[in-house]
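Protein chains in written order, with my numbering: chain A, 27 to 177; chain B, 27 to 177; chain C, 27 to 177; chain D, 27 to 177; chain E, 27 to 177; chain F, 27 to 177.
Simulated from the structure, these hints should not be mistaken for lab results. Since this is a predicted model, take the numbers as computed values, not measurements. Incorrect hints may have been included.
To be verified - Result set (SDA-like, lysine to any residue): computed pairs, CA atoms no more than 20 Å apart in a straight line:
#1 K158(A) - A71(E)
#2 K100(A) - Y105(C)
#3 K100(C) - N104(A)
#4 K31(C) - T76(E)
#5 K120(A) - D115(B)
#6 K100(D) - F42(E)
#7 K158(D) - T76(C)
#8 K158(D) - F42(D)
#9 K100(C) - R30(A)
#10 K100(C) - I108(A)
#11 K174(B) - K120(A)
#12 K117(C) - M170(E)
#13 K174(E) - T76(C)
#14 K174(A) - T76(B)
#15 K80(F) - W111(D)
#16 K100(B) - R30(B)
#17 K117(F) - A110(D)
#18 K158(C) - G125(C)
#19 K117(B) - M170(A)
As the list claims (entries may be wrong) - Partial selection, computed: residues in chain B whose CB lies under 10 Å from chain F:
#20 T44
#21 A45
#22 C98
#23 L99
#24 K100
#25 I103
#26 N104
#27 D106
C-beta: ideal position from N, C-alpha, C; glycine also.
If you want the building blocks of each chain, they are given just below.
Number of protein chains: 6
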Amino acid sequence: MIQRKYYEDYQIGDTFETASLTITESHLVQWAGLTQDFYPLHMDAEYAATTVMKERVAHGPFLFALSVGQMCLKEWINYDAIIAWLGSDIKMLKPVRIGDTVHVLAEVTEMRETSKPHQGIQIWLYKVINQKGEVVMENTMKFMMHRKPQE
Amino acid sequence: MIQRKYYEDYQIGDTFETASLTITESHLVQWAGLTQDFYPLHMDAEYAATTVMKERVAHGPFLFALSVGQMCLKEWINYDAIIAWLGSDIKMLKPVRIGDTVHVLAEVTEMRETSKPHQGIQIWLYKVINQKGEVVMENTMKFMMHRKPQE
Amino acid sequence: MIQRKYYEDYQIGDTFETASLTITESHLVQWAGLTQDFYPLHMDAEYAATTVMKERVAHGPFLFALSVGQMCLKEWINYDAIIAWLGSDIKMLKPVRIGDTVHVLAEVTEMRETSKPHQGIQIWLYKVINQKGEVVMENTMKFMMHRKPQE
Amino acid sequence: MIQRKYYEDYQIGDTFETASLTITESHLVQWAGLTQDFYPLHMDAEYAATTVMKERVAHGPFLFALSVGQMCLKEWINYDAIIAWLGSDIKMLKPVRIGDTVHVLAEVTEMRETSKPHQGIQIWLYKVINQKGEVVMENTMKFMMHRKPQE
Amino acid sequence: MIQRKYYEDYQIGDTFETASLTITESHLVQWAGLTQDFYPLHMDAEYAATTVMKERVAHGPFLFALSVGQMCLKEWINYDAIIAWLGSDIKMLKPVRIGDTVHVLAEVTEMRETSKPHQGIQIWLYKVINQKGEVVMENTMKFMMHRKPQE
Amino acid sequence: MIQRKYYEDYQIGDTFETASLTITESHLVQWAGLTQDFYPLHMDAEYAATTVMKERVAHGPFLFALSVGQMCLKEWINYDAIIAWLGSDIKMLKPVRIGDTVHVLAEVTEMRETSKPHQGIQIWLYKVINQKGEVVMENTMKFMMHRKPQE
Chain A
27 MIQRKYYEDY
37 QIGDTFETAS
47 LTITESHLVQ
57 WAGLTQDFYP
67 LHMDAEYAAT
77 TVMKERVAHG
87 PFLFALSVGQ
97 MCLKEWINYD
107 AIIAWLGSDI
117 KMLKPVRIGD
127 TVHVLAEVTE
137 MRETSKPHQG
147 IQIWLYKVIN
157 QKGEVVMENT
167 MKFMMHRKPQ
177 E
Chain B
27 MIQRKYYEDY
37 QIGDTFETAS
47 LTITESHLVQ
57 WAGLTQDFYP
67 LHMDAEYAAT
77 TVMKERVAHG
87 PFLFALSVGQ
97 MCLKEWINYD
107 AIIAWLGSDI
117 KMLKPVRIGD
127 TVHVLAEVTE
137 MRETSKPHQG
147 IQIWLYKVIN
157 QKGEVVMENT
167 MKFMMHRKPQ
177 E
Chain C
27 MIQRKYYEDY
37 QIGDTFETAS
47 LTITESHLVQ
57 WAGLTQDFYP
67 LHMDAEYAAT
77 TVMKERVAHG
87 PFLFALSVGQ
97 MCLKEWINYD
107 AIIAWLGSDI
117 KMLKPVRIGD
127 TVHVLAEVTE
137 MRETSKPHQG
147 IQIWLYKVIN
157 QKGEVVMENT
167 MKFMMHRKPQ
177 E
Chain D
27 MIQRKYYEDY
37 QIGDTFETAS
47 LTITESHLVQ
57 WAGLTQDFYP
67 LHMDAEYAAT
77 TVMKERVAHG
87 PFLFALSVGQ
97 MCLKEWINYD
107 AIIAWLGSDI
117 KMLKPVRIGD
127 TVHVLAEVTE
137 MRETSKPHQG
147 IQIWLYKVIN
157 QKGEVVMENT
167 MKFMMHRKPQ
177 E
Chain E
27 MIQRKYYEDY
37 QIGDTFETAS
47 LTITESHLVQ
57 WAGLTQDFYP
67 LHMDAEYAAT
77 TVMKERVAHG
87 PFLFALSVGQ
97 MCLKEWINYD
107 AIIAWLGSDI
117 KMLKPVRIGD
127 TVHVLAEVTE
137 MRETSKPHQG
147 IQIWLYKVIN
157 QKGEVVMENT
167 MKFMMHRKPQ
177 E
Chain F
27 MIQRKYYEDY
37 QIGDTFETAS
47 LTITESHLVQ
57 WAGLTQDFYP
67 LHMDAEYAAT
77 TVMKERVAHG
87 PFLFALSVGQ
97 MCLKEWINYD
107 AIIAWLGSDI
117 KMLKPVRIGD
127 TVHVLAEVTE
137 MRETSKPHQG
147 IQIWLYKVIN
157 QKGEVVMENT
167 MKFMMHRKPQ
177 E
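Could you build the full structure based on these sequences and the hints that come with them?
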């Protein structure tokens, strides 16, 4: 039985910090296979060595997807507050390399009621942070959430 | 040896249509494991049956990632025009269910030169389209691209 | 940054209930590949139809492993209370079929201090429960845990 | 410690029959991701329905690879008789569909000594057989094998 | 066609030694994704470096599962003697690190008939052994097995 | 919508060069799990060190499968010219090690019409080439292809 949280259980400025994951070559290989993204910068070490990156780097969309998942484990897996993900605005800021370790610092940045009394919209900023404390990606998530039933 | 294309090889209004993929239960299971997103709407058939969706639906971020990969196979895997993905603006429009088949219709929508003569920015709109012809996601991709070397 | 919990933060009788997972054919295929367990009762539909099970059933050890993981998401991923898993006593009670949905109900059943002041042992009973409310496995986990530092 | 078998431990006409595997949609999805073969006949149910096959079929090269693996489990995993696989001659005879169950019937068909006293060549015919008893593929494997050390 | 062995084909004291597997980072990543066990000692290199282990270690339950699979390849895949796995008693003795190579030494330790003439119970001790010859886990498996049909 | 090419769109001597993939330990682990090929030369680093190879090498059949997939991305994913793969003749020439990078150079070597006016047979030679420019495998593919409809 999942314990429900509601729109009203979060407030602007609330922050959440997730567990971390070390990015491995295995993540890149599995990601490419699942999403069809075999772009040589991620999969061809000879080619990557000739680029400004000097080596294979993680797929940017994987970092986005992981930020969604890390926050799922921190909060959403145990409290099904979300009705639907409406979209994201993603900014890729720095490359992530094999061996880097990333986690998410999330913050509620906007809340607004809708015309439907049982739904509310919230905007959360997920910052993906590497082991040096650098923000490598900003992912602004837009959610439709359950509102608390009124008597 | 990858054949290079350049910023100049694309023009506003150019369109590309990818091959299609049928979304399976196996994609959902692998996606959850790779990204840590075990949210019950995607992974718990009993719970999903109680929601407005009536059944498990594909993770929205998977559709985004797949749109990136499908266009990789259509164009980027063979022509390394891209220096870096700078980010995306994603709008999730309709749910995708197990058994649905999706592909991407992509269009170049903006191009602008930068202060660096070897780099240019392009905006591409990737529309994810299901087997009924419905647009289920709009993913606006922002790329830094190689410009053609000048004599 | 992981928030630590300690041996002292749990008491005999505390219970935890996890999110659920629907077991799919894809789980069986991935499990076999990762663990080398291609036993025909799990992988050969023709053979399984001739047994008392009538169809392929989930690998019992997968249910054990999943119970460990489901409780990880419920509690341990966010609070690193555990130093080491010392072992388990597992009783397989009922088969789990493709399409069944399972979760864990966990309870602290024993606690004991050790000769080392910074370590304590706890026994937790993880009951794996299917969508009908039946207990399909009992997994008694033995943990070495961090004790709260004393002034 | 692996127990060694030698070239001399096999004779022309020796046969081996493996355990079976039911081919699932999950095998097709994992195969495509690992080998980059997203050809629509295997991955796009809408397209496949318009072909003479009427539905997605298993990748032929997967059946070849599986025949190699099924015989590995039957014999080679426990007896390291093989120095190297020198190549194969493969004939694809019938399509395999999701839900079909296949195993291998293998036979030693040729043996010849080489100029090196510690090496011998053997040819094995691996027939892939479906649940109806039909031969769906013939895979003729050529091996360099260890010869028994002479006093 | 699987060749059947029976309860009567094994005797107390019979031993079996399996092939070996080198544990890789890829096993840890796949295991976490399949079982949901993303505990930082296994997945976060920065965190693991601060623990007494000094580095990421393999999930204990993976070693258990692998011991089941390695014995499947040694014996059970080719002889379907087992009706059901009734449970295990597992003792985790030493950590296993990325790069370690493990195999199983198994021994029949108990046999007893049951009230049903076609079923017998056997207890097998699976010792997981690393490349230094150290026993890292003891897994006592309890099986319900087919008995030989009586005339 | 896939754009069709036909038998007539290819000519003897046409060549195609694919993107490259760096072979990783993760590929070997996933391959073994999917195909059941856990032969110790590929999976047991301790054993491999005692062989003439000195280290684990990639499964030969994986290189074959990858050659099929790399050409799929280069050509077939976007142009469904192929009705069926009829078989292959494979020669394994040199071992491929973890960290090697391979691509395919393909050439049309034979074409022949059949008695059916809508089908033609083509033979393509796929050479797998490593980062040193060495041909490590020759894979001669036999295809049944669509012929151009006649007025």
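Now the hints, each set against the structure:
no., hint, verdict
1, K158(A) - A71(E), "holds, 13 Å"
2, K100(A) - Y105(C), "holds, 10 Å"
3, K100(C) - N104(A), "holds, 7 Å"
4, K31(C) - T76(E), "holds, 17 Å"
5, K120(A) - D115(B), "holds, 18 Å"
6, K100(D) - F42(E), "holds, 16 Å"
7, K158(D) - T76(C), "holds, 16 Å"
8, K158(D) - F42(D), "holds, 19 Å"
9, K100(C) - R30(A), "holds, 14 Å"
10, K100(C) - I108(A), "holds, 18 Å"
11, K174(B) - K120(A), "violated, 25 Å"
12, K117(C) - M170(E), "holds, 13 Å"
13, K174(E) - T76(C), "holds, 18 Å"
14, K174(A) - T76(B), "holds, 18 Å"
15, K80(F) - W111(D), "holds, 17 Å"
16, K100(B) - R30(B), "holds, 14 Å"
17, K117(F) - A110(D), "holds, 12 Å"
18, K158(C) - G125(C), "holds, 12 Å"
19, K117(B) - M170(A), "holds, 13 Å"
20, T44, "holds, 8 Å"
21, A45, "holds, 5 Å"
22, C98, "holds, 9 Å"
23, L99, "holds, 5 Å"
24, K100, "holds, 6 Å"
25, I103, "holds, 5 Å"
26, N104, "holds, 6 Å"
27, D106, "holds, 9 Å"
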